[in-house]
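Whole structure, please, built from the sequences with the hints as guidance.
Residue numbers (our numbering), protein chains in the order written: chain B, 1 to 214; chain Z, 215 to 301.
Hints listed in this document are in silico derivations from the structure and should not be mistaken for laboratory results.
Hints should not be assumed to be uniformly reliable.
[Unchecked claim] Quick partial rundown of chain Z residues pointing at chain B, CB under 10 Å, derived from the structure:
#	residue
1	239
2	240
3	241
4	242
5	246
6	249
7	250
8	269
9	271
10	280
11	282
12	283
13	288
14	289
15	292
16	296
[Unchecked claim] Distance condition first, Cα-Cα at most 25 Å in a straight line; then the derived SDA-like pairs of lysine to any residue:
#	chain 1	residue 1	chain 2	residue 2
17	Z	274	B	214
18	Z	250	Z	270
19	Z	273	B	186
20	B	91	Z	250
21	B	29	B	57
22	Z	279	Z	247
23	B	91	Z	228
24	Z	296	B	47
25	B	76	B	39
26	Z	296	B	57
[To be verified] Label-pair distances were calculated between CB atoms; the ranges are:
#	chain 1	residue 1	chain 2	residue 2	range
27	Z	291	B	88	56 to 62 Å
28	B	105	Z	269	23 to 29 Å
29	B	42	Z	282	28 to 34 Å
Only a predicted model underlies this, so the values are computations on that prediction, with no experimental measurement involved.
Note that CB positions come from ideal geometry on N, CA and C, so glycine has one too.
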Amino acid sequence: MRYLSRGFTKIMSIQRQDSGNTGMAELKKRKYGASERISIFDDEFMPHIDSMYNFAYRLTFEEDDAKDLVQETYLKAYRFIDSFQKGTNAKAWLFRILKNSFINNFRKKSKQPAKVDYQEVENYYNSDDIDHSITTDLRIESVQHMIGDEVSNALNSLAVDFRTVIILCDLEGFTYEEMAKILDIPIGTVRSRLHRARNLLRDKLKKYAKTMGY
Amino acid sequence: MGLYKWFKRAFAGNCDECLKLLELILDGEASDEQKKSFTIHIDNCKNCYEYYNLELTIKKLLKEKIESQPVPLDLVDSIKFKVRNNL
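Here is the structure:
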C-alpha cells in the first residue's frame, strides 16, 4: 500500500479545512480528479453562463468582446478549479474572475473613461435629497410606464463602476458581502457606491421621463 | 417604556436616520430591529414613504423589464469543447 503513487493519494485526500471561497492566489491542497472537475464545471459553473454573458455584455457593449471575456473567465475558472470548494458560491467566484479579467484585458479598450472620480464618503445621506424635487419630478407613474429599452439605456449610460454595482445588486441579487468579495472593496464602499449609482440612475430616468413627455 | 414607544420616539420624524436604513431595507440587508424602526418612520412620514416607493419601483423595473440577452450557442459549445480537450 505504501507504494501507491503520490498523485493517487492526493486525489483521495479530502480537504481538511472549511475555508470557504478564497481567491485564486491561495491554491488548496485538494486536487479533484478529472471527471470530478468536469462534473463541477458542468453542474456548478456552466449554469451561470447566462448571467455571466449578460454582465460581460453590459461591461463591453460588444458581442465579440463579451464572448471572449466569458470564455476567458470560464477557462480560467477551470484552470483554477482546485481552489474552488465544491458546493460553495460558484456564481460569486465566477463573477469575481470575470470582473478581474475585464479590468486586466478589456477596460483599456472601453470607450468610457477608465476611472470615475468620486468620493467614497460614509456620511452621504442627506434628507434634503427627499425634501427637494426628486420625488415630485420623477413620479412613480412615469417610471412604471417605462419600457425595458429605456431602463436599459439609462443603466448603460452610467459609468462602469456604477453600472456594475446596480447590475450585481439589483439584477443579479448578490448580497453586499458577495459584492464586496467580487469587487474587492469594503462593504462600506459597496453601499456608498450603490447609493451614488442609484442617485445617478434616478437622474437619468428623470431626464428620459421628461423627453418622453411623461 | 415599551420597545415600540422607544422606537417611535427615537425615529419617527427623523428622516436622516430613515434614509440610512432605506437602502438596507431595499436590498434585504436590514436587521429586524431596523425594519421595525423604518416601518414606524414611513408610516408617519409622507416624504420618506414616497421616496421609498420610488426606489422600490425602480428596483423592480430593473429586475423585471430589462431583457436579458440570450447566450450565443457557439460560446457554450466552444467553452465545453476547450475544457474537455485541455485547451
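Contradicted hints - numbers only | 1, 5, 6, 7, 20, 21, 22, 23, 27, 28, 29
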